[in-house]
Amino acid sequence: MLDWLLDFLKEYGLLLLAVVAAGALIGFMLVNAIFSVWLERKVAGRIQDRLGPTRVGGKFGWLQTLADGMKLLVKEDSIPAAADQFLFRLGPYIALLGSFLAFLVLPFGNGVVAREMNIAVFFMLGVMSSEVFGIILIGYGSGSKWSLFGGMREAAQMVSYEIPMALCVLVPVIVAGSMNLGQIALMQQGIWKWFVFHDPFTFAAFWTYYTCAMASCKRAPFDLAEAESELVAGFHTEYSGFRWLVIFMAEYGSMFAVSGIAVIMFLGGWSTGVPWELTEVFEKNLGLGAMGIVIGNVINVLVFMIKGWLLVFVMMWVRWTLPRLRIDQVMMMCLKYLVPISCALLLGVAVWTLFVPGWVQPFVSAGIFGLCMLALLWLIFQMVTLAKKPPGAGMPGMWRTTGLPGYQGAAKQA
Amino acid sequence: MELQIYIFWVLAGLTGLCAIATVVTQNSVRSATWLLFTLAGTSAIFFLLGADLVGAIQLLVYVGGTMVLVVFGVMLTAQGPFINMKTSGAEWAISMFAGIALFSVLCFGTLAYNEAKPKAVDVAGGVAASVAAEAKLQPQNPSDSHNSVTIGQALMGSGLGPMHQRAGQVTATHYLLPFEIVSVHLLVVLIGAAYLARAKKRKGVAA
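Protein chains in written order, with the numbering used here: chain H, 1 to 414; chain W, 1 to 207.
Think of the hints as simulated: they come from the structure by calculation, not from any bench.
As the structure is a prediction and not an experimental result, all values here were calculated from the model.
Here a beta-carbon is modelled for each residue, glycine too, at the ideal position from N, C-alpha and C.
Among the hints, a few may not be true.
[Said to hold, decoys possible] Sample of chain H residues facing chain W (criterion: CB under 7 Å; computed from the structure):
hint, residue
1, VAL113
2, MET117
3, PHE123
4, GLY126
5, ASN180
6, PHE248
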């Protein structure tokens, strides 16, 4: 019996490992979707001066998404008569597959990755671009004009934004000289070594990448494709129940995936900011052996997920703060501004790595890091002091220079 | 390794089925979907062979780019009667003939190649070793060397292409010029497509 089992494991152990890894990733995507949807509602609530979900599950309504999921599972599963049955059923799963495959090569910690790949970044961008195909099928297969419009806009938008996104990812790749996400993260031990502070070009590339990533995840202000008010939710108008759930699992999955790329390429991956790799510290310096690697990686994975979810949180913050762009503005922003900007950044960083002497580099990094910290301190100072200003003294974001009748104008008249 | 062979057969079988479905399906959008699965299956086989870069490029270029274009073309141009295409018996006969001819040529080529160089084709790790060995043996003549590294280098202009013998003098060339000509050709096609697709402005009306 035992021999047979050992033989089986020897032969098919890899397959079992693969199944376990895939299961863990699917589980993570599910938890990520549940958590992100809850976070989205809470963030939206706080930004709109509401409370968001409060009841389900006791405190903070933390079980709200699970209740929603149950509702969606028991909902009637309807397919419109005009729909192309086969494509309608297939679409959501292709979208989910595109999002899921990206997680296969995304390292969560030092060696915590389903499949280590030398060209991990390239692979992630490649598979995430096939997510568009699912969206197109969803839009076309629904047999509805709203969906077709939404799907078309979505496809045009995602395909266009992939160009500046890929170019921006190339900027840290040039600095690192590698496309292996694990190695790139290991190069950034210590907060001043994070690639976002490396030189002015990588600093600009981070913000450009993040804008493109937001657009390619079809998040507001670039969510013309699913504009509820004009297109009746765009490409997924006709979907309900489980398939709708799958579409949103894919969307939140790819939100975390693009944030994960940003974290690894620019924000030091799982680095806590201290200049040591935690797994090595626990393994060798503290002499814990294999146990140390596990402990170190648990902390690494937590740090990585917190960083990723912070970026996802910023996406939500932007969504509930900025109004939606028109579709021509969305396309213009990409093709007229982001593509040239990212090309210039790519050229700039190539010139930088070639011609800037090595001894200058630490000073530049320290300078950018210092300026960022100063800006952060200034922001915190503003947030604290502005909240304490008396009425009529002006508020952040107010029009100050115009004579428009508003809060300030009213104060002047009085 | 047993497992790899089983996975290969499953993948190859699925890819083949999808390819057949691509041809047999009459609805053009569904046919494009099957084509997507065929291309994705091919890239999966590349991944199985350990050729990550080729697989990812296959995914990005064909699955990502071409499929989006195919679907754009099909969905924006195909109206009613063209979405469902009926193929006549003569078309079936011609395409069967062409397909079988191509398949037999490929089979013949593969089998003949295997007989000539039994050790060159090996699974995963063996390929890299044989490539390195061959590159050492004959670095200058890709028409003999049967591996993609030299051909790729010749395309980029960094390696050496086929030998030319003229008046006893041996000259090595590379494929950079044809490569560039093909890319200029692609550029011409792109500009032409943009010109055709552009909305025509009526004369006398201010834009």
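Is the interface hint satisfied for MET117/H? The criterion is a beta-carbon contact with chain W at less than 7 Å. With a minimum Cβ separation of about 5 Å from chain W (threshold 7 Å), the hint on MET117/H holds.
Status of the GLY126/H interface restraint (C-beta, 7 Å, chain W): Given a least distance of 4 Å, the restraint on GLY126/H holds.
Quick check on the hint: PHE248/H CB to chain W CB, less than 7 Å? Since the shortest Cβ distance to chain W is 22 Å, the answer is violated.
Restraint check, 7 Å cut-off on beta carbons, for VAL113/H near chain W: violated (14 Å)
Holds or violated: the hint that ASN180/H contacts chain W, with Cβ atoms closer than 7 Å. Violated, because the Cβ-Cβ distance from ASN180/H to chain W comes to roughly 11 Å (cut-off 7 Å).
Holds or violated: is there a CB of chain W closer than 7 Å to the CB of PHE123/H? holds (5 Å)
Consistency with the previously given hints fails for numbers 1, 5, 6, ordered from lowest to highest.
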